[in-house]
Amino acid sequence: MAITEGSAARPAARLRPPVWYRSWRFYVGLLLVILVYGYGWQVTQIHLAELWRGAHLIQPFVASLASPDVLTRERQIQQATASFYYGGETPPPAARGAGPRLVLSRPTGAIGDRVTATGDGFAPDLRGMLWWENQIGQRQQLGPFATDGRGHFTLTFTAPQVQGTHNLVSAEAVTGVGPLRPSQTLLLVTDRMIETVFLALMGTTMGVIFAVPLSFLGAKNLTSHFPGGALIYGLTRTFFNLMRSIEALVLAIIFTVWVGLGPFAGVLALGVHSIASLGKLYSEAIESIDTGPIEAITATGASPLQVVRYAVVPQIVPQFIAFTIYRWDINVRFSTVIGFVGGGGIGFVLQQYINLLQWRQAATALWMIAIVVAVLDYASAVVRERVL
Amino acid sequence: MSEPILRIEHLTKVYDDGTRALSDVSFEVARGEFLVIIGLSGSGKSTLLRCINRLVEPTSGRIIFQGRDVTAASRDEVRQIRRQIGMIFQQFNLVKRASVLTNVLAGRLGYVPPSWALANYFPTAVVEQALADLERVGIPEKVATRADALSGGQQQRVGIARALMQEPQLILADEPVASLDPAMSHSVLRYIEELNKNDGITVLCSLHFLSLARRYGTRILAFKGGQIVFDGLPREIDDARFKAIYGDDAVAVEIT
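As you go down the protein sequences, you meet chains A and B in turn.
At position 281 of the first sequence the residue is numbered 281 (this note's numbering), and the sequence of numbers has no breaks.
At position 40 of the second sequence the residue is numbered 40 (this note's numbering), and the sequence of numbers has no breaks.
Honestly, the hints are just simulated from the structure, not real lab data.
Positions of the beta carbon are idealized from the N, C-alpha and C atoms, including for glycine.
Check each hint, because a few of them may be wrong.
[Said to hold, decoys possible] Quick list of the computed label-pair ranges, beta carbon to beta carbon:
| hint | chain 1 | residue 1 | chain 2 | residue 2 | range |
| --- | --- | --- | --- | --- | --- |
| 1 | A | 235 | B | 69 | 30 to 40 Å |
| 2 | A | 287 | B | 69 | 51 to 61 Å |
| 3 | B | 131 | A | 333 | 41 to 51 Å |
| 4 | B | 16 | A | 258 | 18 to 28 Å |
[To be verified] Per the computed footprint, the stretches of chain A lying under chain B, defined by three or more beta-carbons under 8 Å from a beta-carbon of chain B, are:
| hint | region |
| --- | --- |
| 5 | 159-168 |
| 6 | 288-299 |
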């Protein structure tokens, strides 16, 4: 009776919690939040102005994203060359052959000389470019030319200041373009992307092979029936947690030391990391199974192995498949960066392109990663939906 | 009177957490009986049924099934004894993702060579037996259906077919109709009754509703607090007995 009286007598307003802005706890909390984020802002060196100031540095890359190096045309070129040596040495006479010819007014000279180049045998009415190539193959333009109706041109130029003495003058004109074909970059990037996908596949497979048996040891509901089961369970789970806490990138660095640079190190890194994370997911799937069928199959007189086959396996297989595909998906995404530390795959070429400021090529690699990962992401979602 | 199919002697079960589920229970079951066990939830009915095929290990006492001591049996012997005891569950306990046929075939696991079963191979004769059992419980057309696509009543009939695959001498039914609506309850219990009458399979069945117990049981055993408080014919349960079993506040609910 006392309880009833007490709760009825108490006015409802008294039970209402105090308004937030009247509580001192609110102000202490606010102060703490400001302190934490203020320190965080300072310690991570956030300078928003840099985003604007450095924009011109990244601008060529952003522009390249719109024009990745994907396709190229084979160009048909007419070319004729003639030697021009500095320092008095006479170049060997040019071999006579069919096709266009280039003759210089003199074969030797010094920097600053005026030289006239005469071309013959080119296609008529063609526009081309005269190039200067020094002893180590560095090129510079001397000037454009245009052939007349008989395929003849003359062009006078000044011998440029270069290192070395053995120079080559080259007249080149584009006569036509061939069909479109994939560029070298695209071929290389595709090749590395395939390597990446298979790297993820092998790593995931390695994970599955070891995680499946281990996951049974890491499932409480199965191990608790056996003597020493709690110890086995504890050890397995500890192993999973320890291995999972080491990032795959760190593992990749360790394995490159062990087995050398290349995709194998990446496979091992992804594999070991997958064992741990798949093992944990599998174990939890086993722990969440319905015990009813186990009881029922046991009651028919089935052996323990038969019970696992008929009551446990049918319940966990769809979940195992879903988790595995999900893991493969993650591994493909991850294997794109594992190349950064020498673990093989597309990350290695991407890093090279970025370091050499080859933005169009880098854009090709990035697009490739984005498309493949998105496609696999979608495919894995579809498959997971089917099996669950 | 012939040798009883099942004899329980001073059976006691105390769970690890100290719960005393059964204390000193003794009774006999004659061949061909339809013995209904009634009692409140937690009165020890499920524990008793699970002790008989040792899904639950008894703390003390003896269980004699067809002259064999179940409580003293080794692992292999227990599996041989389990083969002859079919079991039907309140929650049906089918493998939900598997087909009806696979669920029924699983009832035969105790008989087929283990390696065959692991490869999911069953001899043709066993598959035909499974189809015949499904026909018997009236759902032959559901062979290839996934178990979780069936209604509750149909699932329980698959459960009965699974038990039938064992060609059992005894069927333990743990609240077989508690998850079903009244119409389905009668349908399922009639199948069990049919097995009892035509095949001579002894049935131990726990039920919630006294009306169902009176309708199907040839004998009733009432439990309260892990002990037998009534053992007799269905018509002997009068108002006073009812109150003794279910407590003074209980009201009999009819299910027709």
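How the hints compare with the structure:
no.	hint	result
1	235(A) with 69(B): 30 to 40 Å	holds, 39 Å
2	287(A) with 69(B): 51 to 61 Å	violated, 35 Å
3	131(B) with 333(A): 41 to 51 Å	holds, 49 Å
4	16(B) with 258(A): 18 to 28 Å	violated, 48 Å
5	159-168	violated (count 0)
6	288-299	holds (count 8)
Hint check: violations occur at hints 2, 4, 5; the rest are consistent with the structure.
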